[in-house]
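2 protein chains.
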Amino acid sequence: MEKLRFYNANILSVKDMTISSGELHTCGNKITYVGNNPPKDDFTREINLCGNLLMPSFKNAHTHSAMTFLRSYADDMPLNDWLFKQVFPMEDKLTPEDVYELTKLAALEYFSGGTTACFDMYFHPDYVEKAALDTGMRLVLCGAVSGGDSQADYDSALSRLENYLTRFNGKNPLVSFKMGFHAEYTTHISILKAIAELAKKYKQPLYTHNSETANEVQGCIERHGKTPTVLFEELGMFEYGGGGFHCVHMTEEDLEIFKRRGLWVVTNPCSNSKLASGIAPLYKMYNMGINLAIGTDGPASNNALDMFREMYLASVLQKIREDDAAAMPADAVLKMAVSGSALAMGLTDCDSLAEGKKADLVVIDLDQPNMQPLNNTVKNVVFAGSKSNVKMTVSNGVIVYENGEFPTLDKEKIFAKSNEIIAAKKAM
Amino acid sequence: MEKLRFYNANILSVKDMTISSGELHTCGNKITYVGNNPPKDDFTREINLCGNLLMPSFKNAHTHSAMTFLRSYADDMPLNDWLFKQVFPMEDKLTPEDVYELTKLAALEYFSGGTTACFDMYFHPDYVEKAALDTGMRLVLCGAVSGGDSQADYDSALSRLENYLTRFNGKNPLVSFKMGFHAEYTTHISILKAIAELAKKYKQPLYTHNSETANEVQGCIERHGKTPTVLFEELGMFEYGGGGFHCVHMTEEDLEIFKRRGLWVVTNPCSNSKLASGIAPLYKMYNMGINLAIGTDGPASNNALDMFREMYLASVLQKIREDDAAAMPADAVLKMAVSGSALAMGLTDCDSLAEGKKADLVVIDLDQPNMQPLNNTVKNVVFAGSKSNVKMTVSNGVIVYENGEFPTLDKEKIFAKSNEIIAAKKAM
Numbered sequence: 059m060e061k062l063r064f065y066n067a068n069i070l071s072v073k074d075m076t077i078s079s080g081e082l083h084t085c086g087n088k089i090t091y092v093g094n095n096p097p098k099d100d101f102t103r104e105i106n107l108c109g110n111l112l113m114p115s116f117k118n119a120h121t122h123s124a125m126t127f128l129r130s131y132a133d134d135m136p137l138n139d140w141l142f143k144q145v146f147p148m149e150d151k152l153t154p155e156d157v158y159e160l161t162k163l164a165a166l167e168y169f170s171g172g173t174t175a176c177f178d179m180y181f182h183p184d185y186v187e188k189a190a191l192d193t194g195m196r197l198v199l200c201g202a203v204s205g206g207d208s209q210a211d212y213d214s215a216l217s218r219l220e221n222y223l224t225r226f227n228g229k230n231p232l233v234s235f236k237m238g239f240h241a242e243y244t245t246h247i248s249i250l251k252a253i254a255e256l257a258k259k260y261k262q263p264l265y266t267h268n269s270e271t272a273n274e275v276q277g278c279i280e281r282h283g284k285t286p287t288v289l290f291e292e293l294g295m296f297e298y299g300g301g302g303f304h305c306v307h308m309t310e311e312d313l314e315i316f317k318r319r320g321l322w323v324v325t326n327p328c329s330n331s332k333l334a335s336g337i338a339p340l341y342k343m344y345n346m347g348i349n350l351a352i353g354t355d356g357p358a359s360n361n362a363l364d365m366f367r368e369m370y371l372a373s374v375l376q377k378i379r380e381d382d383a384a385a386m387p388a389d390a391v392l393k394m395a396v397s398g399s400a401l402a403m404g405l406t407d408c409d410s411l412a413e414g415k416k417a418d419l420v421v422i423d424l425d426q427p428n429m430q431p432l433n434n435t436v437k438n439v440v441f442a443g444s445k446s447n448v449k450m451t452v453s454n455g456v457i458v459y460e461n462g463e464f465p466t467l468d469k470e471k472i473f474a475k476s477n478e479i480i481a482a483k484k485a486m
Numbered sequence: 059m060e061k062l063r064f065y066n067a068n069i070l071s072v073k074d075m076t077i078s079s080g081e082l083h084t085c086g087n088k089i090t091y092v093g094n095n096p097p098k099d100d101f102t103r104e105i106n107l108c109g110n111l112l113m114p115s116f117k118n119a120h121t122h123s124a125m126t127f128l129r130s131y132a133d134d135m136p137l138n139d140w141l142f143k144q145v146f147p148m149e150d151k152l153t154p155e156d157v158y159e160l161t162k163l164a165a166l167e168y169f170s171g172g173t174t175a176c177f178d179m180y181f182h183p184d185y186v187e188k189a190a191l192d193t194g195m196r197l198v199l200c201g202a203v204s205g206g207d208s209q210a211d212y213d214s215a216l217s218r219l220e221n222y223l224t225r226f227n228g229k230n231p232l233v234s235f236k237m238g239f240h241a242e243y244t245t246h247i248s249i250l251k252a253i254a255e256l257a258k259k260y261k262q263p264l265y266t267h268n269s270e271t272a273n274e275v276q277g278c279i280e281r282h283g284k285t286p287t288v289l290f291e292e293l294g295m296f297e298y299g300g301g302g303f304h305c306v307h308m309t310e311e312d313l314e315i316f317k318r319r320g321l322w323v324v325t326n327p328c329s330n331s332k333l334a335s336g337i338a339p340l341y342k343m344y345n346m347g348i349n350l351a352i353g354t355d356g357p358a359s360n361n362a363l364d365m366f367r368e369m370y371l372a373s374v375l376q377k378i379r380e381d382d383a384a385a386m387p388a389d390a391v392l393k394m395a396v397s398g399s400a401l402a403m404g405l406t407d408c409d410s411l412a413e414g415k416k417a418d419l420v421v422i423d424l425d426q427p428n429m430q431p432l433n434n435t436v437k438n439v440v441f442a443g444s445k446s447n448v449k450m451t452v453s454n455g456v457i458v459y460e461n462g463e464f465p466t467l468d469k470e471k472i473f474a475k476s477n478e479i480i481a482a483k484k485a486m
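Sequences listed follow chains Z and C, in order. Quick note, my numbering runs 58 ahead of the 1-based positions in the first sequence. Quick note, my numbering runs 58 ahead of the 1-based positions in the second sequence.
For the record, the hints were derived by calculation from the structure and aren't laboratory data.
Computed cross-link-like contacts, EDC-like style, restricted to lysine to aspartate or glutamate with a CA-CA straight-line distance of at most 20 Å:
(1) C/K471 / Z/D423
(2) C/K475 / C/D192
(3) Z/K251 / Z/E292
(4) Z/K484 / Z/D139
(5) Z/K469 / C/D423
(6) C/K342 / C/D389
(7) C/K471 / Z/D425
(8) C/K475 / Z/D425
(9) Z/K471 / C/D423
(10) Z/K143 / C/D382
(11) C/K469 / Z/D423
Using the sequences and the hints given, assemble the complete structure.
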């Protein structure tokens with residue numbers, strides 16, 4: 059079993075966002091030691107971090123990984139043209155094997171940016187799972203069901219959710235599943251009601267796209283006389299927690315429900331900006347004590363899977379929104395991106411660096427000009443950091459990225475496949 | 059004399075933002091060939107770009123480079139506290155030698171992000187110049203004078219501007235100087251009037267901070283009954299062109315003046331966001347045909363010197379501002395960051411890749427997951443790119459950055475100096 063020793067490290071404690079020198083040991087997929095009085099051991103590899111920062115890896119709490127094939131395929135156009143004329147017709151052409159290959163491309167990008175886990179909502183979850191297992195990426199699948207008022211849609215949505223719950227949970231330490239549905243506007247009320255009952259039956263949290271655009275909220279009010287959040291609450295969807303992706307257009311009442319239920323807001327600042335959806339009231343949520351996490355959304359709308367850029371926007375957009383340079387401080391944002399996102403995904407053993415936690419780590423290179431001088435390492439990471447500072451990424455105890463290379467994966471083969479797939483879809 | 063051959067390249071033409079395969083040769087600090095039918099020659103080094111993107115380097119059209127020492131020193135606080143309680147007192151302690159060392163640190167960061175030239179406004183220009191010459195960075199110094207209503211302030215401001223014009227121009231191919239002053243709110247009207255006359259006498263363009271904050275514009279209206287732009291125009295400052303840094307809070311009349319005079323707007327989207335100054339009406343300016351360039355502002359307010367992040371924000375903040383996902387397209391933004399910024403700085407021979415132009419280049423690594431698949435390389439660079447994609451930077455014909463290394467500079471020594479300087483200032 060692989061045993062790694064990281065020494066001469068500066069280690070981030072996410073509890074109080076402080077940094078202290080020390081070392082960290084792993085055995086297999088677990089952290090076995092963190093501190094300054096290390097036990098002797100025989101290690102597979104000993105890594106001198108030369109004072110670089112060792113911290114929990116980023117967790118991407120909302121994404122559609124396989125949408126890599128549409129990266130930079132159709133940008134700078136109105137939202138509806140992008141979605142209905144470009145994205146949906148191309149997605150219809152995807153095979154399960156395509157989803158497998160395209161998710162592997164996303165895994166490479168996650169690793170190169172220090173992310174080891176994602177909360178993925180897409181078609182063909184078996185193939186997303188296979189991509190995660192073959193790349194060594196931690197995966198939390200999110201139910202992505204939707205449907206109209208037909209019995210067939212109803213049966214399909216409900217049976218898939220129930221089936222996935224047992225199929226993807228408890229089988230592999232890298233993979234888990236959370237109940238969820240695409241969104242209110244794509245799911246008939248009969249299905250929403252049944253999903254609420256299912257969540258209660260299995261005592262499960264529920265996740266969905268929520269209030270991403272003003273149009274979506276307006277449409278829900280027209281259909282149901284209430285906002286998506288109030289509708290979901292009244293249907294009893296949040297008895298066992300859960301969360302919402304985006305949450306850009308939220309009323310006071312919506313926020314109160316999130317606060318009272320301990321629900322997770324997963325913010326996606328890059329995608330919300332690029333699609334002109336708006337700026338979520340994140341600082342307000344933060345001050346209310348609402349649980350916060352960060353995701354990239356899919357690479358078709360972002361167009362990167364880069365948690366550094368998300369963190370930067372998560373902070374500076376709030377300063378703009380609140381007209382206050384003090385809004386949304388760096389330490390809060392970094393905490394959201396590592397432990398917040400992990401906890402939103404149910405990864406309670408991947409949220410911090412401590413004995414017994416999973417070995418999901420990233421080494422941040424401080425020996426680069428954008429990290430100097432070292433006035434404040436946390437602020438450097440959030441406000442000056444970039445994925446160029448990712449020196450090494452460890453997922454589930456395995457080094458999956460180091461100094462620009464992917465030691466366990468054949469990147470050229472994965473790149474070639476992704477180009478083949480998009481070329482074939484364009485030709486169809 | 060160094061002769062470089064770049065072959066198997068995909069070369070960006072900034073004229074029409076198209077990319078075509080070919081090769082590029084340099085001799086000394088000049089480009090000697092671009093095309094597909096290369097002459098034979100003896101090269102110092104032949105570099106197979108393996109299909110990677112070769113494009114003009116980024117030019118940073120507004121910065122205060124030496125402020126690296128205050129990176130992450132005081133963030134997440136109200137603007138006035140940051141400026142008056144943190145920045146100004148620390149800047150007062152800087153020696154000329156400090157400015158030299160701190161500008162060298164900035165040069166490392168510029169090179170690592172594909173930037174080879176900056177339009178720098180700071181104290182001790184002789185020492186900024188020395189740093190540029192010692193690192194091989196192209197430098198356009200901008201007059202940073204200011205002053206109250208005393209005769210001494212007047213004499214100092216005017217004599218310095220006149221002196222710098224001859225001292226820094228025409229001496230070294232890496233260095234030039236443009237007339238400028240800090241801002242309306244820091245410069246007495248008598249000095250502003252005299253600067254306008256000086257610009258006319260020497261037929262020079264004039265540059266200054268302009269309408270960065272709403273307060274600044276309001277103050278100018280209270281002092282002079284008009285906006286900064288109208289005041290400058292009425293003083294006759296723009297007879298020979300010039301530009302404004304920031305230009306966040308602009309009236310219709312202001313924009314018309316910029317358009318009519320052919321002035322450059324240098325936008326600083328990261329700094330304007332982080333300091334909660336606002337979002338400039340960049341897309342409106344673009345549609346009016348106003349000349350546009352991009353800068354980072356100083357690293358104390360940004361906190362990086364990263365043109366990739368600036369480009370991303372320059373586009374997506376406009377989509378938010380205009381509530382239109384089609385606003386501010388990627389090709390316009392990339393053009394701003396390379397040729398727009400060069401032309402704003404008067405670097406008319408650094409704006410594109412063509413025979414006879416200066417060899418200021420960057421190689422963008424497309425063989426990374428965030429650049430795959432290759433649906434649209436320009437959109438990939440702007441929307442998915444990061445400084446991790448910078449494979450090589452060539453400044454004035456010299457390779458100053460390659461695969462994470464600085465072949466001509468001792469980065470550890472520069473990092474150590476910057477840490478020594480900030481430690482000493484904190485102890486004072």
